[in-house]
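Visitor: Just so you know, the sequences run in chain order A and B. Here my numbering runs 3 ahead of the position in the first sequence, where the first position is 1. Here my numbering runs 3 ahead of the position in the second sequence, where the first position is 1.
Derived by calculation from the structure, the hints in this document are not laboratory data. If you're wondering where the values come from, they're calculated on a predicted model, not measured in any experiment. A portion of the hints provided could be inaccurate.
To be verified - No farther apart than 30 Å at their CA atoms in a straight line, the calculated lysine-lysine pairs in the DSS-like style are these:
#, chain 1, residue 1, chain 2, residue 2
1, B, Lys76, B, Lys112
2, B, Lys112, A, Lys106
3, A, Lys76, A, Lys112
4, B, Lys112, A, Lys112
5, B, Lys106, A, Lys112
As the list claims (entries may be wrong) - To be clear about the criterion: a stretch of chain B counts as covered by chain A if any three or more of its residues have a C-beta under 8 Å from a C-beta of chain A, and this derived list gives those stretches:
#, stretch
6, 144-150
7, 171-178
8, 183-195
9, 224-235
Ideal placement from N, C-alpha and C gives every residue a C-beta, glycine not left out.
Number of protein chains: 2
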Amino acid sequence: MTYCVGLLLNEGMVLLSDTRTNAGLDNISTYRKMFTFEAPGERVIAIMTAGSLSVTQTTIARLTEAIDSGDEKRSIMTAHSMLAVAQIVGDTLAEVSHEIRGKIQQQEKVSTSASLILAGQRADGAMRLFLIYSQGNFIEATAETPYLQIGEHKYGKPILDRVIEPTTSLMDAEKAVLLSMDSTLRSNLSVGMPLDLVVIENHGLRIARARRIDADDAGFQAMSNAWSEALRRSFQEIETV
Amino acid sequence: MTYCVGLLLNEGMVLLSDTRTNAGLDNISTYRKMFTFEAPGERVIAIMTAGSLSVTQTTIARLTEAIDSGDEKRSIMTAHSMLAVAQIVGDTLAEVSHEIRGKIQQQEKVSTSASLILAGQRADGAMRLFLIYSQGNFIEATAETPYLQIGEHKYGKPILDRVIEPTTSLMDAEKAVLLSMDSTLRSNLSVGMPLDLVVIENHGLRIARARRIDADDAGFQAMSNAWSEALRRSFQEIETV
Numbered sequence: 004m005t006y007c008v009g010l011l012l013n014e015g016m017v018l019l020s021d022t023r024t025n026a027g028l029d030n031i032s033t034y035r036k037m038f039t040f041e042a043p044g045e046r047v048i049a050i051m052t053a054g055s056l057s058v059t060q061t062t063i064a065r066l067t068e069a070i071d072s073g074d075e076k077r078s079i080m081t082a083h084s085m086l087a088v089a090q091i092v093g094d095t096l097a098e099v100s101h102e103i104r105g106k107i108q109q110q111e112k113v114s115t116s117a118s119l120i121l122a123g124q125r126a127d128g129a130m131r132l133f134l135i136y137s138q139g140n141f142i143e144a145t146a147e148t149p150y151l152q153i154g155e156h157k158y159g160k161p162i163l164d165r166v167i168e169p170t171t172s173l174m175d176a177e178k179a180v181l182l183s184m185d186s187t188l189r190s191n192l193s194v195g196m197p198l199d200l201v202v203i204e205n206h207g208l209r210i211a212r213a214r215r216i217d218a219d220d221a222g223f224q225a226m227s228n229a230w231s232e233a234l235r236r237s238f239q240e241i242e243t244v
Numbered sequence: 004m005t006y007c008v009g010l011l012l013n014e015g016m017v018l019l020s021d022t023r024t025n026a027g028l029d030n031i032s033t034y035r036k037m038f039t040f041e042a043p044g045e046r047v048i049a050i051m052t053a054g055s056l057s058v059t060q061t062t063i064a065r066l067t068e069a070i071d072s073g074d075e076k077r078s079i080m081t082a083h084s085m086l087a088v089a090q091i092v093g094d095t096l097a098e099v100s101h102e103i104r105g106k107i108q109q110q111e112k113v114s115t116s117a118s119l120i121l122a123g124q125r126a127d128g129a130m131r132l133f134l135i136y137s138q139g140n141f142i143e144a145t146a147e148t149p150y151l152q153i154g155e156h157k158y159g160k161p162i163l164d165r166v167i168e169p170t171t172s173l174m175d176a177e178k179a180v181l182l183s184m185d186s187t188l189r190s191n192l193s194v195g196m197p198l199d200l201v202v203i204e205n206h207g208l209r210i211a212r213a214r215r216i217d218a219d220d221a222g223f224q225a226m227s228n229a230w231s232e233a234l235r236r237s238f239q240e241i242e243t244v
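All chains should be built: construct the whole structure from the sequences, respecting the hints.
Guide: Shown next, in the form of C-alpha cells:
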C-alpha cells in the first residue's frame, strides 16, 4: 500500500509520500514514489504515485522520456499550462494502465489500478494540485478542500480535517502531513519509512525543500512521541459526558 | 455503513454503536444496532451488528425466537458458556446469510455480508468479547488486543491504539469510544447519530448502564468540541522537526 498527501495552501504546496511497496505481505521493498521536475524560474512539477508499481514506474519513465526527447506534444516541461500537464500525465497513465491490463488475464486478479498526485506551477500561473485516476481523468484541490490523498488515506485524514486551511503556514503544514503520516504508519504496516517530503513555495518556481526522512530520523521520532504524549494528555483533560 | 466498537477491560466491557443505515446515499434510516439480553445475576449478553440489515435483523429475530420458545439447543440464554453462545450466534448468522444469499441472483450485486460483535458474561465465567463473521467463524479480544471493531473502523482506530489498555478505567473507556466515534462521524457521512452506549461491569451480570446519545446531546457536543480544541492546541505545541 501507499500513503501520499498533498496540500495546496496560500504560501505554497507541501507533499509527503512513503516508500513502501509490497507484492504480498512477504515481499516488501522500498521504492521512491515522489518525482520532481524543475526548470527553475520557469516551472516546477512534482508527481506522487500509488498503486501498481509496474504501471506507475512505466508512466514516470514515459513522461521522462518525452521530456528528454523534446516531444512537444508529450513533454510536461513544455506544456503551456498546468492543466495541459495534468492532461498529459492523465493520458500517459491511462495508456500505460490499458496496455498492462491487456497483458494480464482476467483470472489472474492482479490489480493494475494506480493513481497519482500532480502538483505544479508555471511562471505567471497559479499553483495547482491534481489527483489523477487510472482512467486518466482527474480532480483538483480547491480552497474548500485544500488537500488530496492517495493510497491508505483514512487513518491520516482526521488531523488534516482539523488543522488544514488555505491560510495554514508551510511550517504547520509540514507538521500536519508528518503527523498524518505518523497515524497511518502506526495503523497500516504496508505503509512504511523512509518518507519523502517536498515543499514548493508559491511563485518560487523551484523545489524549495526536498527531504528524505529515514526510519531512524531523531526529529521525526521525537515529533511522533510528542504527539502521542500530547494526545494522551489531551485525552485525560477532556471531561467525560 | 456502520461503526461499532467493543472494549474488553479488567473492570468491564464498554460497547458503542451508531444507528445509521443506508440503501444508497439517498435512502438513509435509523435502526438500532445494539441488542442486549439479561438474566440479572446469571448472565448478560450484548450484540452489535454491521452489514446487510436484512441479514442482521433476521439473525437477531431468530436468536430472540429461540430464547422465547425455550429452544435448549439454540437459546443464548441457556447455553452453558459464552463460547457456546458465540457458536449459536455464529451458526445463526451463517444460516441466515446463506439463505438470503440464495435468494439474490448473482448479477444483482447486493451485498449480504454482515458481522457482529458479541459481548457477554455468565455467572462464574469470564467476560468475553467476540467478532463474528458472515460465515459464522469468530475471533476473540485478548489482553494484547482489548478491542474489536466492525464497519467503518479506520478513522476511529488511532485514538484506541493510543489510549486503550486492559487497565483503562470504564470512565476513560467511555470517553475513548465516544472520541473514536466522533472521528468516524466527522469523516464518514454514512455513520450517524444517535449512538447507543452500553457498559457491562465485570461480575455485574447485568447491563450497568445503557444510554442513547442523540444528535443534540449537549454533553457529547461539548466533548467533541473540547477534543477538537485540545487537538488543535496540542498541534500548535508540537515542535516541527
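Visitor: Indicate, hint by hint, whether the structure satisfies it.
Guide: Hints versus structure:
1. B/Lys76 <-> B/Lys112: violated (34 Å)
2. B/Lys112 <-> A/Lys106: holds (27 Å)
3. A/Lys76 <-> A/Lys112: Judged against 30 Å, a Cα distance of about 34 Å means the pair is violated.
4. B/Lys112 <-> A/Lys112: holds (19 Å)
5. B/Lys106 <-> A/Lys112: Holds - the C-alpha atoms of A/Lys112 and B/Lys106 are around 27 Å apart, at most 30 Å.
6. 144-150: violated (count 0)
7. 171-178: holds (count 4)
8. 183-195: holds (count 3)
9. 224-235: holds (count 8)
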